[in-house]
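Visitor: So the sequences go chain by chain: E and G. Each residue of the first sequence is one higher than the one before, counting from 1 in our numbering. Each residue of the second sequence is one higher than the one before, counting from 1 in our numbering.
Heads up, some of the hints might be wrong.
Label pairs and their computed distance ranges (CB to CB) [claimed, not checked]:
{"id": "1", "chain 1": "G", "residue 1": "Glu137", "chain 2": "E", "residue 2": "Glu113", "range": "16 to 26 Å"}
{"id": "2", "chain 1": "E", "residue 1": "Gln117", "chain 2": "G", "residue 2": "Val35", "range": "47 to 57 Å"}
{"id": "3", "chain 1": "E", "residue 1": "Arg23", "chain 2": "G", "residue 2": "Ala9", "range": "17 to 27 Å"}
{"id": "4", "chain 1": "E", "residue 1": "Gln117", "chain 2": "G", "residue 2": "Gly182", "range": "42 to 52 Å"}
{"id": "5", "chain 1": "E", "residue 1": "Met94", "chain 2": "G", "residue 2": "Ile43", "range": "20 to 30 Å"}
{"id": "6", "chain 1": "G", "residue 1": "Glu114", "chain 2": "E", "residue 2": "Pro74", "range": "46 to 56 Å"}
{"id": "7", "chain 1": "E", "residue 1": "Ala12", "chain 2": "G", "residue 2": "Asp140", "range": "52 to 62 Å"}
{"id": "8", "chain 1": "G", "residue 1": "Met7", "chain 2": "E", "residue 2": "Leu122", "range": "38 to 48 Å"}
{"id": "9", "chain 1": "G", "residue 1": "Pro167", "chain 2": "E", "residue 2": "Leu122", "range": "15 to 25 Å"}
{"id": "10", "chain 1": "E", "residue 1": "Arg47", "chain 2": "G", "residue 2": "Asp196", "range": "21 to 31 Å"}
{"id": "11", "chain 1": "E", "residue 1": "Arg47", "chain 2": "G", "residue 2": "Asp140", "range": "33 to 43 Å"}
{"id": "12", "chain 1": "G", "residue 1": "Thr169", "chain 2": "E", "residue 2": "Ala12", "range": "27 to 37 Å"}
{"id": "13", "chain 1": "E", "residue 1": "Glu25", "chain 2": "G", "residue 2": "Glu137", "range": "25 to 35 Å"}
It is worth saying that the hints were derived from the structure and are not from the lab. Beta carbons: idealized from backbone N, C-alpha and C, even for Gly.
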Amino acid sequence: MTRSVLIVDDSAVIRMFIKNYLREEGGFEIREAADGEQAVAAYREARPDLVFLDLTMPVMDGTMALGLIRELDPQAMVIVVTADIQGKSIQRVMELGAFTVLKKPPVKEKVLETLHQALAQLAVRG
Amino acid sequence: MNAPKGMLAPDEQGLLQEIMNIAFGQAAADLAEVVDLFLVLSIPEVRFLNAPDIPAALASAMEGEKRISLVEQAFWGHFKGSGYLVLPSGAARELVSLLGNTSPNKEIELPAKELEAGTLMEVGNILIGACVGKLAELLDDRVTYSPPLVTVEGDPLASLAKDVWAPETTAIVLKTLFRFHGRNVKGFLFLVTSQDSIDWLRTALAAFLGRYA
Numbered sequence: 001m002t003r004s005v006l007i008v009d010d011s012a013v014i015r016m017f018i019k020n021y022l023r024e025e026g027g028f029e030i031r032e033a034a035d036g037e038q039a040v041a042a043y044r045e046a047r048p049d050l051v052f053l054d055l056t057m058p059v060m061d062g063t064m065a066l067g068l069i070r071e072l073d074p075q076a077m078v079i080v081v082t083a084d085i086q087g088k089s090i091q092r093v094m095e096l097g098a099f100t101v102l103k104k105p106p107v108k109e110k111v112l113e114t115l116h117q118a119l120a121q122l123a124v125r126g
Numbered sequence: 001m002n003a004p005k006g007m008l009a010p011d012e013q014g015l016l017q018e019i020m021n022i023a024f025g026q027a028a029a030d031l032a033e034v035v036d037l038f039l040v041l042s043i044p045e046v047r048f049l050n051a052p053d054i055p056a057a058l059a060s061a062m063e064g065e066k067r068i069s070l071v072e073q074a075f076w077g078h079f080k081g082s083g084y085l086v087l088p089s090g091a092a093r094e095l096v097s098l099l100g101n102t103s104p105n106k107e108i109e110l111p112a113k114e115l116e117a118g119t120l121m122e123v124g125n126i127l128i129g130a131c132v133g134k135l136a137e138l139l140d141d142r143v144t145y146s147p148p149l150v151t152v153e154g155d156p157l158a159s160l161a162k163d164v165w166a167p168e169t170t171a172i173v174l175k176t177l178f179r180f181h182g183r184n185v186k187g188f189l190f191l192v193t194s195q196d197s198i199d200w201l202r203t204a205l206a207a208f209l210g211r212y213a
């Protein structure tokens with residue numbers, strides 16, 4: 001079963017890292033967005049199964065995008081990948097419904113472990 | 001990643017910008033562990049400047065502030081240069097109140113200016129040290145630091161006009177803007193590194209990519 005994933009980061013390098021990890025794993029249809037506004041538009045259009053979301057981005061930051069995505073879809077599965085690892089930032093995105101927070105740079109093993117946890121949760125939902 | 005000698009290619013600059021983003025995020029988190037201070041972060045910038053233009057560029061970032069406070073700390077490794085924490089007028093007083101740095105014993109209370117300088121030094125040391133330290137770690141380098149130097153409420157150009165850069169050199173300037181959450185105070189962290197580091201930097205960026213890509 002192919003799962004759809006949206007990768008959101010203003011850094012092309014970070015998008016590439018995550019994209020490569022997912023491609024090696026296989027079974028994912030990948031879309032990308034470079035800011036929060038693009039992310040919300042892409043989510044509205046494609047309703048991906050899973051989102052990897054940066055926080056510090058131009059145009060619209062990831063925290064605001066997360067809030068809007070969760071308004072569109074209260075079940076949205078969003079993994080935050082960020083350099084902003086201040087306790088209050090993490091607390092805020094968890095309150096908004098993020099699945100978890102990964103710190104940058106995203107390490108392959110950690111990304112895949114989290115991915116599988118998220119997929120397991122999606123499978124339970126059916 | 002092929003760029004003319006002395007310059008970084010756009011994708012190398014993009015990677016350096018992201019590494020600065022990660023490093024400053026670590027610095028903000030380290031500061032938050034020590035004090036209840038939450039920083040709102042923004043996207044870093046990477047620029048190449050001729051040495052004589054650096055003071056004016058740093059001063060202009062403060063958008064016409066007539067007085068600034070400054071913490072400056074040099075670092076040495078393969079990656080070498082100076083870190084500058086630049087804050088507007090009044091920010092040092094604001095930090096003192098935010099950090100509750102008042103003497104419990106009024107009889108030995110420090111003069112306001114000394115208290116402001118001490119507080120700035122604490123905050124600057126944490127932010128510059130953590131940011132440079134994380135950057136060095138990500139690039140597989142190790143750096144040592146000079147003690148921080150503090151200027152409270154100085155003239156921007158005079159405070160930043162240092163003779164540490166040979167006039168003919170080009171520097172890489174990494175700049176991050178931040179705001180103190182809930183307060184009308186913003187500041188900048190600049191890392192200025194000599195272009196002498198550029199060949200090493202290219203190799204280190206490629207090695208970083210190799211570890212994650």
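Visitor: Failing hints, ascending?
Guide: Per hint list: 2, 4, 7, 9 and 10 violated.
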